[in-house]
Amino acid sequence: MTQLSKLQREAMTPTLAQLNREVAEIIAARGGKYLAEQCGSDTFGATFVQASDAVATALELQRAALAPLRLGIGIHTGELGPLCTTHTMSHAARLRDFAHGGQTVMSRATEEAVHGRLPARAWLMNLSAQTLHREGLGPVVQLCHRAICSDFAIALGHHGRAVARLRESR
2 MTQLSKLQRE AMTPTLAQLN REVAEIIAAR GGKYLAEQCG SDTFGATFVQ ASDAVATALE
62 LQRAALAPLR LGIGIHTGEL GPLCTTHTMS HAARLRDFAH GGQTVMSRAT EEAVHGRLPA
122 RAWLMNLSAQ TLHREGLGPV VQLCHRAICS DFAIALGHHG RAVARLRESR
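In this text, residue positions in the sequence shown follow the working numbering: the first is 2, and each later residue adds one.
Be a bit skeptical, because a hint or two may be false.
Beta-carbon label-pair distances, calculated as ranges [as the list claims (entries may be wrong)]: (1) T44 <-> G79: 25 to 35 Å; (2) R118 <-> C150: 19 to 29 Å; (3) E61 <-> L17: 28 to 38 Å; (4) W124 <-> Q51: 32 to 42 Å; (5) A18 <-> A121: 11 to 21 Å; (6) G137 <-> G102: 17 to 27 Å; (7) A121 <-> K34: 23 to 33 Å; (8) K34 <-> D98: 16 to 26 Å; (9) P15 <-> H88: 30 to 40 Å; (10) Q19 <-> R109: 12 to 22 Å; (11) L17 <-> R109: 30 to 40 Å.
These are calculated hints, taken from the structure and not from any lab test. Glycine residues also receive a C-beta, built at the ideal position from the N, C-alpha and C atoms.
Work out the full structure: start from the sequences and follow the hints.
Structure below.
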(Lines of atoms letter the chains of each structure in order from A and count residues from 1; the text may use other names and numbers.)
(Lines give C-alpha, C1' and ligand atoms only; values in the text may rest on other atoms or scores of the structure.)
Protein backbone atom coordinates (compact mmCIF):
# COMPACT_ATOMS: atom_id res chain seq x y z
CA MET A 1 0.00 0.00 0.00
CA THR A 2 1.40 3.39 -0.96
CA GLN A 3 1.40 6.36 1.40
CA LEU A 4 -1.18 8.10 -0.81
CA SER A 5 -3.55 5.12 -0.85
CA LYS A 6 -3.17 4.80 2.93
CA LEU A 7 -4.05 8.49 3.37
CA GLN A 8 -7.02 8.15 1.01
CA ARG A 9 -8.29 5.11 2.91
CA GLU A 10 -7.89 6.91 6.25
CA ALA A 11 -9.69 9.97 4.87
CA MET A 12 -12.58 7.84 3.59
CA THR A 13 -13.04 5.80 6.78
CA PRO A 14 -15.34 8.34 8.51
CA THR A 15 -17.30 8.83 5.27
CA LEU A 16 -17.78 5.07 4.81
CA ALA A 17 -18.78 4.65 8.46
CA GLN A 18 -21.41 7.39 8.11
CA LEU A 19 -22.60 5.89 4.82
CA ASN A 20 -22.97 2.46 6.43
CA ARG A 21 -25.04 3.94 9.27
CA GLU A 22 -27.33 5.85 6.90
CA VAL A 23 -27.75 2.90 4.54
CA ALA A 24 -28.49 0.53 7.44
CA GLU A 25 -31.16 2.93 8.77
CA ILE A 26 -32.88 3.25 5.39
CA ILE A 27 -32.83 -0.52 4.85
CA ALA A 28 -34.20 -1.22 8.35
CA ALA A 29 -36.94 1.40 7.95
CA ARG A 30 -38.24 -0.58 4.95
CA GLY A 31 -38.09 -3.93 6.76
CA GLY A 32 -34.85 -5.15 5.22
CA LYS A 33 -31.90 -6.91 6.80
CA TYR A 34 -28.55 -5.16 6.32
CA LEU A 35 -25.63 -7.51 5.49
CA ALA A 36 -22.48 -5.37 5.64
CA GLU A 37 -20.27 -7.85 7.50
CA GLN A 38 -21.03 -10.78 5.20
CA CYS A 39 -20.45 -9.02 1.88
CA GLY A 40 -17.07 -7.32 2.14
CA SER A 41 -15.47 -4.17 3.47
CA ASP A 42 -16.56 -1.74 0.76
CA THR A 43 -19.85 -3.34 -0.28
CA PHE A 44 -23.06 -4.24 1.45
CA GLY A 45 -26.06 -6.40 0.80
CA ALA A 46 -29.59 -6.48 2.05
CA THR A 47 -32.43 -8.95 2.03
CA PHE A 48 -36.14 -8.19 1.90
CA VAL A 49 -39.24 -10.35 2.08
CA GLN A 50 -40.84 -8.45 -0.81
CA ALA A 51 -39.03 -7.39 -3.98
CA SER A 52 -41.09 -4.19 -4.02
CA ASP A 53 -39.55 -3.21 -0.66
CA ALA A 54 -36.06 -3.73 -2.11
CA VAL A 55 -36.90 -1.51 -5.10
CA ALA A 56 -38.44 1.21 -2.90
CA THR A 57 -35.34 1.11 -0.69
CA ALA A 58 -33.04 1.38 -3.72
CA LEU A 59 -34.94 4.46 -4.92
CA GLU A 60 -34.74 6.00 -1.45
CA LEU A 61 -30.99 5.29 -1.29
CA GLN A 62 -30.45 6.88 -4.71
CA ARG A 63 -32.44 9.96 -3.66
CA ALA A 64 -30.73 10.27 -0.25
CA ALA A 65 -28.00 12.82 0.34
CA LEU A 66 -25.14 10.32 0.66
CA ALA A 67 -22.55 12.61 -0.96
CA PRO A 68 -19.77 12.35 -1.89
CA LEU A 69 -20.61 8.74 -2.71
CA ARG A 70 -23.12 7.50 -5.27
CA LEU A 71 -24.24 3.90 -5.04
CA GLY A 72 -24.36 1.35 -7.82
CA ILE A 73 -27.21 -0.98 -6.82
CA GLY A 74 -28.12 -4.41 -8.20
CA ILE A 75 -31.33 -6.23 -7.25
CA HIS A 76 -32.15 -9.88 -7.91
CA THR A 77 -35.10 -11.87 -6.60
CA GLY A 78 -34.77 -15.50 -5.58
CA GLU A 79 -34.27 -17.92 -2.73
CA LEU A 80 -31.73 -16.95 -0.09
CA GLY A 81 -29.52 -19.22 2.00
CA PRO A 82 -27.65 -18.39 5.21
CA LEU A 83 -24.64 -16.62 3.59
CA CYS A 84 -23.95 -14.08 0.85
CA THR A 85 -22.49 -16.88 -1.27
CA THR A 86 -25.93 -18.02 -2.45
CA HIS A 87 -26.90 -17.72 -6.11
CA THR A 88 -29.33 -14.89 -5.35
CA MET A 89 -26.77 -12.68 -3.61
CA SER A 90 -24.11 -13.57 -6.18
CA HIS A 91 -26.39 -12.54 -9.04
CA ALA A 92 -27.30 -9.28 -7.26
CA ALA A 93 -23.58 -8.58 -6.74
CA ARG A 94 -22.87 -9.09 -10.47
CA LEU A 95 -25.68 -6.68 -11.28
CA ARG A 96 -24.26 -4.18 -8.76
CA ASP A 97 -20.85 -4.46 -10.41
CA PHE A 98 -22.47 -3.62 -13.77
CA ALA A 99 -24.24 -0.53 -12.35
CA HIS A 100 -22.71 2.94 -12.40
CA GLY A 101 -22.71 5.08 -9.27
CA GLY A 102 -26.23 6.46 -8.94
CA GLN A 103 -27.76 3.66 -11.02
CA THR A 104 -30.04 0.81 -9.88
CA VAL A 105 -30.34 -2.23 -12.14
CA MET A 106 -32.38 -5.36 -11.60
CA SER A 107 -32.91 -8.80 -13.04
CA ARG A 108 -35.92 -10.04 -14.98
CA ALA A 109 -37.01 -11.99 -11.88
CA THR A 110 -37.21 -8.75 -9.90
CA GLU A 111 -38.89 -6.91 -12.77
CA GLU A 112 -41.61 -9.58 -12.83
CA ALA A 113 -41.96 -9.56 -9.02
CA VAL A 114 -42.53 -5.79 -8.89
CA HIS A 115 -44.79 -5.53 -11.94
CA GLY A 116 -47.51 -3.04 -11.03
CA ARG A 117 -45.92 -2.31 -7.63
CA LEU A 118 -43.24 0.29 -8.37
CA PRO A 119 -42.85 3.38 -6.19
CA ALA A 120 -44.86 6.43 -7.29
CA ARG A 121 -43.58 8.04 -10.51
CA ALA A 122 -40.97 5.31 -11.04
CA TRP A 123 -40.57 3.28 -14.21
CA LEU A 124 -38.25 0.64 -15.62
CA MET A 125 -36.00 0.98 -18.68
CA ASN A 126 -34.91 -2.14 -20.56
CA LEU A 127 -31.11 -2.46 -20.81
CA SER A 128 -31.05 -5.89 -22.37
CA ALA A 129 -28.30 -6.36 -24.91
CA GLN A 130 -26.58 -9.45 -26.21
CA THR A 131 -23.41 -8.67 -24.25
CA LEU A 132 -25.35 -8.76 -20.98
CA HIS A 133 -26.58 -12.24 -21.82
CA ARG A 134 -23.03 -13.40 -22.60
CA GLU A 135 -21.88 -12.06 -19.23
CA GLY A 136 -24.50 -14.18 -17.48
CA LEU A 137 -26.73 -11.32 -16.34
CA GLY A 138 -29.70 -12.14 -18.54
CA PRO A 139 -32.29 -9.44 -19.23
CA VAL A 140 -31.60 -6.33 -17.12
CA VAL A 141 -33.73 -3.26 -16.42
CA GLN A 142 -32.88 0.06 -14.80
CA LEU A 143 -34.98 1.77 -12.14
CA CYS A 144 -35.82 5.31 -13.29
CA HIS A 145 -37.40 8.29 -11.54
CA ARG A 146 -37.33 12.01 -12.34
CA ALA A 147 -35.43 12.64 -9.08
CA ILE A 148 -32.49 10.41 -10.07
CA CYS A 149 -30.15 10.33 -13.03
CA SER A 150 -31.12 8.02 -15.87
CA ASP A 151 -28.36 8.93 -18.32
CA PHE A 152 -25.21 6.86 -17.98
CA ALA A 153 -22.14 6.43 -20.15
CA ILE A 154 -21.65 3.46 -22.39
CA ALA A 155 -20.82 0.34 -20.42
CA LEU A 156 -18.31 -1.95 -22.10
CA GLY A 157 -18.33 -5.71 -21.99
CA HIS A 158 -15.24 -7.87 -21.53
CA HIS A 159 -14.43 -7.61 -25.23
CA GLY A 160 -14.89 -3.84 -25.46
CA ARG A 161 -18.32 -4.05 -27.08
CA ALA A 162 -20.87 -1.41 -26.18
CA VAL A 163 -23.56 -2.76 -23.88
CA ALA A 164 -26.03 0.12 -23.76
CA ARG A 165 -26.40 3.85 -24.06
CA LEU A 166 -28.99 5.04 -21.60
CA ARG A 167 -30.99 8.21 -22.02
CA GLU A 168 -34.01 9.27 -20.07
CA SER A 169 -36.92 9.98 -22.37
CA ARG A 170 -39.15 12.76 -21.09
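Hints, one by one, checked against the model:
1. A hinted range of 25 to 35 Å is violated for the C-beta pair T44 and G79, which are about 19 Å apart.
2. R118 and C150 have their C-beta atoms about 23 Å apart, which keeps the hinted 19 to 29 Å range intact.
3. At about 19 Å, the beta-carbon gap between E61 and L17 misses the expected band of 28 to 38 Å.
4. Between W124 and Q51 the beta carbon distance is about 19 Å. The supplied range of 32 to 42 Å is therefore violated.
5. Look at A18 against A121: about 32 Å separates their beta carbons, and that is not inside 11 to 21 Å.
6. The supplied range of 17 to 27 Å is met by G137 and G102, whose beta-carbon atoms lie about 22 Å from each other.
7. For the pair A121 and K34, the supplied restraint of 23 to 33 Å holds, since their beta-carbon distance comes to about 25 Å.
8. Between K34 and D98 the CB atoms are about 21 Å apart, so this pair conforms to the stated range of 16 to 26 Å.
9. Range check, P15 to H88: Cβ separation about 35 Å, and the 30 to 40 Å hint holds.
10. Evaluation of the 12 to 22 Å hint for Q19 and R109 yields a failure: the beta carbon distance comes to about 35 Å.
11. Range check, L17 to R109: about 32 Å between beta-carbon atoms, so the 30 to 40 Å window is met.
The structure fails hints 1, 3, 4, 5, 10 (numbered hints given earlier, in ascending order).
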